[in-house]
Each structure stands twice: as structure tokens, then as C-alpha cells.
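Got chain A sorted already, so can you dock chain B onto it with the hints?
One-letter residues, chain by chain:
Number of protein chains: 2
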Amino acid sequence: MYILGGTSAKNVAQNLANKIQQPLLQATYKRFPDDEFYVRVLDDIAGEDVLIVQTAYPDPKIVELLLMQDAVHDAGAKKITVVLPYFGYSRQDKKFEEGEAISSRAVAQHISMHADCVITVDPHKEHILKFFSVPAYSCSAVSTIAQYLKEKNIDFILAPDKGAKDRAKEAATLINCEYDYLEKTRIDGTTVKITPKKLDARGKHVAIIDDIISTGGTMANSIKELKKQGAKTVSVACTHGLFVGGAKEKLLSADCDEIISTDTIETEFSKVSAADCIAELLLKTLPHIKN
Amino acid sequence: MYILGGTSAKNVAQNLANKIQQPLLQATYKRFPDDEFYVRVLDDIAGEDVLIVQTAYPDPKIVELLLMQDAVHDAGAKKITVVLPYFGYSRQDKKFEEGEAISSRAVAQHISMHADCVITVDPHKEHILKFFSVPAYSCSAVSTIAQYLKEKNIDFILAPDKGAKDRAKEAATLINCEYDYLEKTRIDGTTVKITPKKLDARGKHVAIIDDIISTGGTMANSIKELKKQGAKTVSVACTHGLFVGGAKEKLLSADCDEIISTDTIETEFSKVSAADCIAELLLKTLPHIKN
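Protein sequence lines correspond, in order, to chains A and B.
Each residue of the first sequence is one higher than the last, beginning at 0 in numbering that gives the first Met the number 0.
Each residue of the second sequence is one higher than the last, beginning at 0 in numbering that gives the first Met the number 0.
So here's chain A without its partners, still in its complex pose:
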């Protein structure tokens, strides 16, 4: 099996190649003066299984992925597995209002055109895997994040809301600490109080764990509240760190003690690699690659 890493997943592709001990393909990527992408695979892959690794975000990287798939398919690859460390558009996963595009379905259908199998990490909702017209699997980077947090003497893990508490539970179990979720209570017409449902943050080292940090607004508010309630340190961790709209500044000015993310989107906060869980899933679902 060969691995083709796109420009938005260099780190994951390299780490994955090391972990599953399969070779990376040589390829040329460039952009023309009008910003159009150019993709060329330099090795002969006729009859070979190819793993294409590319984060499907933002838009230009989605188009680059479609071109990578075209090149690999046209070169006669036997089986194409597409690994999407982050699956963009996953939050528009249904029609919230009549007439809307279901964007994650649209992206999934197009990626399915030249794919035999798709793998993604911590999709925002599990049902979006069904939008692919080929078998699609997900894995979770929570255990990798938990391993990192274990070194940090965290007292308890918080989910940002009730719906996300399973993720906090999973991390807490691995770290062997308590977990809880943050509850918003409207205390008068306008003020909202954010507190852990059961636990007391006073004097504690706390970590909030979520799947995606986008603009970081809610996260920043939660950090401020927890600090007010006497938390000693508050770290935030996520699988997909988009950090858009001044998220970094918001989090730091809320007195966040550490920001942790995987490399599904490569940023300065990518402290652990999503390649760990992807490799584990690959070795489980595609046992022949061990050869």
C-alpha cells in the first residue's frame, strides 16, 4: 500500500507512513498564478492500493483532494482509500431549514466518486458517514488527547455541554479522573451562568474537551466562568482546531492555560497526531497492510 499525502495533511501522512510502515508517494503539488491547483503523482501506482490523506477543508483543499483522486484513479490504482483527518462541512449535516444544501452530504458524494473506502476522525455527527456512497469509517483521537492530558495532572475533564459528555467520559476513564459537563443557567433575562453540573472547580486543574474549536467564543466564556469559580488552571483540548475569527486571542485573554489540538488541521497547537487512531483503525480494518 502506498500513501499519498496532500498539502493539507503533510504531518498526518508522514506520521501514518511511519506508524503503518508503508511508503509515501512522491508527488508534485503547485498552484498556477490564477490559484488553480496542479497535482502529479510521480511514482507508478498501476495495480497498487493507495491511501490518499487530505484534510477536506477549506474549499481549495477539497478541490485539491478531488484532483488527487482523479490522478490516482487515472493512474490505475487498484483500491483507493481516502483518509480525511478533518471532514469539512460536517456541521451542515441536515436541513435546518427548507431549501438548504446538505453540505456534508454534497462533499461526501463527490469524494465517493473515486474512492473505495473513506476514513475520517471524530466526525461532528456519526450519521454523516452514511452520506458517502462507499463504506466509511471513523476513529477517535480522544485517547491520544487523553494520553497527553494524563501527563498534566488534570483533576477532571469537562464536556462543553451535555451532548458531548461521552467524549469527556472516555477521556476521563483513560486518565483515571472524574468528568462532568458544563451547564448553562439563565439567571436573569440576559446573564448566563456556566458551571459544571456536579463538580466544584475550586482549586482544581480542569480540562475542557470538544471535537471542534472554531471561533472559540463559547469556550472562552466557559474558561472565564471556571476561573471565576476558582479553578487553578483551565486547559482546552480538541480534535479539530480551526481557530478562526480570533479564537487564539479570545482563549488567551480568557486566561486559558493551555490549548491542545491534534494535527487534523495543522496549527501551532497541534501537539498530538491523529495518525495514531487512523493507524489503529487501518490495522484493524485492513489487516493485510501489515504484510
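Everything labelled a hint here was simulated from the structure, so no lab data went into it.
Incorrect hints may have been included.
Note: identical chains are not told apart, hence a pair may lie in one copy or across any two.
Claimed, not checked - Here are the simulated lysine to aspartate or glutamate pairs, EDC-like style, with alpha carbons at most 20 Å apart:
| id | residue 1 | residue 2 |
| --- | --- | --- |
| 1 | Lys270 | Asp160 |
| 2 | Lys77 | Glu97 |
| 3 | Lys226 | Asp254 |
| 4 | Lys60 | Asp33 |
| 5 | Lys161 | Asp256 |
The following block gives chain B in isolation, referenced to the frame of chain A:
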């Protein structure tokens, strides 16, 4: 028939609606803080024929088009015709080297997923229409450009090279003037002389016509040479004005007298509309829309 104009083809869609007297659909387009698009069609289009108008360039607009198609298809449109005023990636129309993606084929295949018919304007090469898996047609904006140039007392029309001389001939016939093409002659190891093959530019009002102006480098050199040879004025005209990489500055500093483009890509030089030739083709191929 209803017309849905995307954010990269507002002008063409509006002009087209006026020309073929069919209503524009109401739609919401926005971008989330992470730059992902949101598309919602506000009118009921179940069972209706819909014309989606969107320039497939640059990458984010291609993704927006795929979302528009998803929304229109999902809303139960009867027939979807996709109008691509400019078909991006059309210059990567074959494998120039082994292992390359054929980008225009990839884009065409994805656009075909939710389309019953595709229409584009002056494709860079005619064979790219075959990359669509649905019937695809092209029309030419040359006559619209020629009508504009007719008012300008042009003495002759030039093609930038021999391969493009049919376009110059077509424009010249409509204007009722002469035409020629520019020939490059290497006069020593490094210097290249660019001159009209037969005609003499001295004292003449000349227009160079091409399908695409991208970085404008060759065009700027041609203008300089023609001015050196005594041309009174040199205008440049194209269907698709990308004007990237400082093209405007290059053309103006080469002493270009006028830059003319259609609105397949909307810029300050969009002086004529591609809607004219699209409307003509539509009325010919879909005569029922006259009702």
C-alpha cells in the same frame, strides 16, 4: 424555468433573466467564520426546470456550485441545467506528463453529478465538453465583443498566435475589417520579435483578441511590439479576464489603450455580457423556455 445565480455570476444571471424573460430565484448565500459556504434556495422549485448560473472559478466558487446543485437537486427540481460562464481548470485539459490529474475532467465529472445539461462560454479547448457525463454545449462571446469593437473604428483584429486565428477571423468578419495573427520570430539567441504575419500596424487602430487573459505577460509584450512598429492604438479583448499576477499593471504600462472583457469573471473590465450568447444558445436548444 427558474434561474439561480451564484455569487460568482450575479451579473450574467441577472442579464440572462432579462434576456430570456425567466424569473430569478431568491436564495441565501453566506460564509461561516471558517469560510465554509451556506446555500439556501428560498423558493419552491419542486418539479420545475432550474438553470444554475455560476462561474466555476476559483476553488471556493466551485464548491459553492456543488452546494447549489445539491440544494436544487434535493428540492426536487425536474431538470437542472448548469451554466458555467467560465469553466475553471479548462487549461489542464490533458495529461501533459504521466501521473497528472486531468483537472478539467475532474471538475466536469463532479459538476455532472447533479446536472442534466451543461452550457459554457468559449471553453479553452472544445474537447473538454466531452468530459461532462451529460450533454454539454458551448457558445461564443466573440460576436458580442466584436459588436463592442465595431464602435471603436478598429482597423484590424489580431490573434495572439496562429492557433487562435479563427477567433480573430470571426470578429473581423462581423466588424468588416481585416485580421491577422501575431508571429514570434527568434532573431538571435534571446530576442524574440513579435509581428503580424502579413499586415502592417503602422498608423493603425489594432485590437488583439484572445479567449483568456491570465497574467497578461505575452499580451503586454505584443502591445509593446505593435506600438514600436507604429500602431496608433492597441486594445486587448478577451472572453475570460482573469487578470492575475499584476496583469492590469503590465498591460497599462505596455501602453495598452483599452482592456475589454466579458462578465464571465466580473472585473472592472467587464464591458459586455456573456449573457447575450448564452441566451441565444438557450433559445435555440431549449425552445420551450420561450413559453
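Which of the numbered hints are not met once you compare them with the structure shown? 1 and 5
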